[in-house]
Amino acid sequence: MENGEAGKKGKLDRYFYVMMLLLFGLTILSAVYSVSIGQVNIPFKQSMDIVLHMITNGKLGSLDSVQSNSYLNIIMQVRMPRVIFAFLVGIGLALCGVVMQAIVQNPLADPYILGISSGATLGATFAILVGFGSSAFLAQFGVAFGAFAGATITSFAVFLMASIGGKLTSIKLILSGVVIGALCGSFSSLIIYFANSAEGIQTVTFWTMGSLASSNWSKVPIMAVVIILGCVIFLFQHRILNTMLLGDESAITLGINLSAFRKIYMILTSLITGTLVAYTGMIGFVGLVVPHITRGIFGADHKRLLPGTLLFGGLFMIWADIISRVLIHNVELPIGIVTSVIGSPVFIYIIVKRGYNFGG
Amino acid sequence: MELNVAGIEVKIGKKEIVKDVSILVEKKKFVGLIGPNGCGKSTLLKGIYKSLMPQKGIVSLGDMDVLKTPQKKVSQQLGVVGQFNEMHFDLTVEQMVMLGRTPHKRMMELDKQEDYEIMENALKQANLTNYKDRSFLSLSGGEKQRVILARTIAQQPKFMILDEPTNHLDIRYQIEILSCVKELNIGILAALHDLETAAHYCDYIYAIKNGEVYAQGTPEEVLTSETIESLYQIKCRTYINPVTHGLGFAYGM
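Protein chains in written order, with the numbering used here: chain F, 645 to 1004; chain P, 18 to 270.
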């Protein structure tokens, strides 16, 4: 009996590790595939050699078989930063999604639920159509700064509004998010209504569709630091995230005051989401769908769910990026369109599928 | 462990729900709270485990001042089986019961073999051994309640509060849960609806009416026709049940 129990636990752990390894392997292969395609198609084998060469600093992967030096440049300078960027963005969105769903105890939450999307859009719209005037420092970062400021200011406003009367409950958070989101939305519309720049309005529209086109090596470090820090912090929060699923009343009896943790988590996720939105615009559905798919694989226990979600989020985004580039020849679709088009049917399938109870 | 509640007062908004209530639960005694719906039983219990902060009064558990001690420390000693609330996400029974270890864990600490053994034992005590891998949301009300009880047992509390733990449960689950709790051999404070159950399990009973202690004593002292008639505004006769030899109640309007 004792042996049997221990064996069972081992089997669950083994399932988890095998799945994680599988996801990791898939991610590497997908990344290599992603750098091999584009206007110039580079054979997969050669891409693999170049990537291996780069990762192991020349110990593995010989460059002898590479046909053209330009391949090296294309992969190293253009496509590699983009794949890494996509991977990081995917991780970040999935992380914020899973944490948000726990914070508001609602499976329909995503990173943008608490008004962050409308806030970021307002900030970006303002930056594009009105501008920050003569302030050289602000103008330099322009849209990115506007979006980041918009996102963080709105979540702070939501946070303050939900804190009125003491405890920060999930229902108060959602309602405040809706109200502040609507307010920001109408301000954005106001700016657009009075703007007389057709080009500017088009830029705003494109911005809201999300894009990875601006990725380059200089942007990777900031993104990497923010995302990795966020991941490290939240990977150790699985106990508290689990008690969040039980609700305030039960959490208190387990010694955890959820209200306090909601505040901390909300500040962290809005900083991460703000950074993501600043660089990529609005990329929908990833933060909503990915946690649900991984819940289907690993269950709702955050100890396993979190690492799984992060890896899967990265993988999902790499593929969304691939599809956005290959779907229509020589045209790069805005990635937000692709994620929504993949995301919605997947989400419908999850909901319709019998037996899925958001975890378990 | 002894629970001593002295002059506790709890308000919800501006309304005073619990007024100057004092309660004593001696070591390893099973103490019941009875009273009509809305009399303040639940609010009183919430005031004790600090889900609602009392405005006045002292709550001490052993030598711990509950109201001034951090929640985490309190929950290492005090377990609560509350009224069931909705959950939107699903966990397995094992994961649910493991959550009972939360108060004993530091932020980054992993679950050890010992924690798994405690969880297995808790499942055994709540008669749930075969439920380990079942999904919590797929269980019936009585099974869910037993999972919550197992989680509270895994918390290894020295004292347990139960807020109408047998609500909506059929007679078998009622007996199972209360017998399981009684066998823990720790101090218990439980809000109960069923008077026969209260008479059977409790060592001492407090009757609450309008947020105040209306009567207290052993079941025989408190569960009299007069007290029950006044508490619940019904007609009632008590008798000795010829089969169980326990207290029986006959009600009428």
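If you're looking for bench data, these hints aren't it; they were derived computationally from the structure. These numbers were taken from a predicted model, which means no experiment stands behind them. Virtual Cβ for every residue (Gly too), placed ideally from N, Cα, C. There may be inaccurate statements among the hints.
[As the list claims (entries may be wrong)] Using 16 Å as the maximum straight-line C-alpha spacing, the simulated EDC-like pairs for lysine to aspartate or glutamate come out as follows:
(1) P:K129 x F:D892
(2) F:K947 x P:D128
(3) F:K947 x P:E243
(4) P:K89 x F:D657
(5) P:K44 x P:E26
(6) P:K89 x F:D693
(7) P:K67 x F:D657
(8) P:K67 x F:D892
(9) F:K947 x P:E126
[Stated by the list, open to error] Sample of chain P residues with no beta-carbon within 10 Å of chain F, all distances over it, derived:
(10) G55
(11) L84
(12) Y190
Structure-based check of each hint:
1. P:K129 x F:D892: violated, 26 Å
2. F:K947 x P:D128: Measuring from Cα to Cα gives roughly 11 Å; hence the hint holds.
3. F:K947 x P:E243: violated, 56 Å
4. P:K89 x F:D657: violated, 29 Å
5. P:K44 x P:E26: Violated. P:K44 to P:E26 sits at ~24 Å, over the 16 Å cutoff.
6. P:K89 x F:D693: Not OK: P:K89 and F:D693 at ~54 Å, beyond 16 Å, violated.
7. P:K67 x F:D657: violated, 37 Å
8. P:K67 x F:D892: At roughly 12 Å apart (the allowed maximum being 16 Å), F:D892 and P:K67 satisfy the hint.
9. F:K947 x P:E126: holds, 12 Å
10. G55: holds, 18 Å
11. L84: holds, 13 Å
12. Y190: For P:Y190, whose nearest Cβ neighbour in chain F is about 20 Å away, the distance exceeds 10 Å, so it holds.
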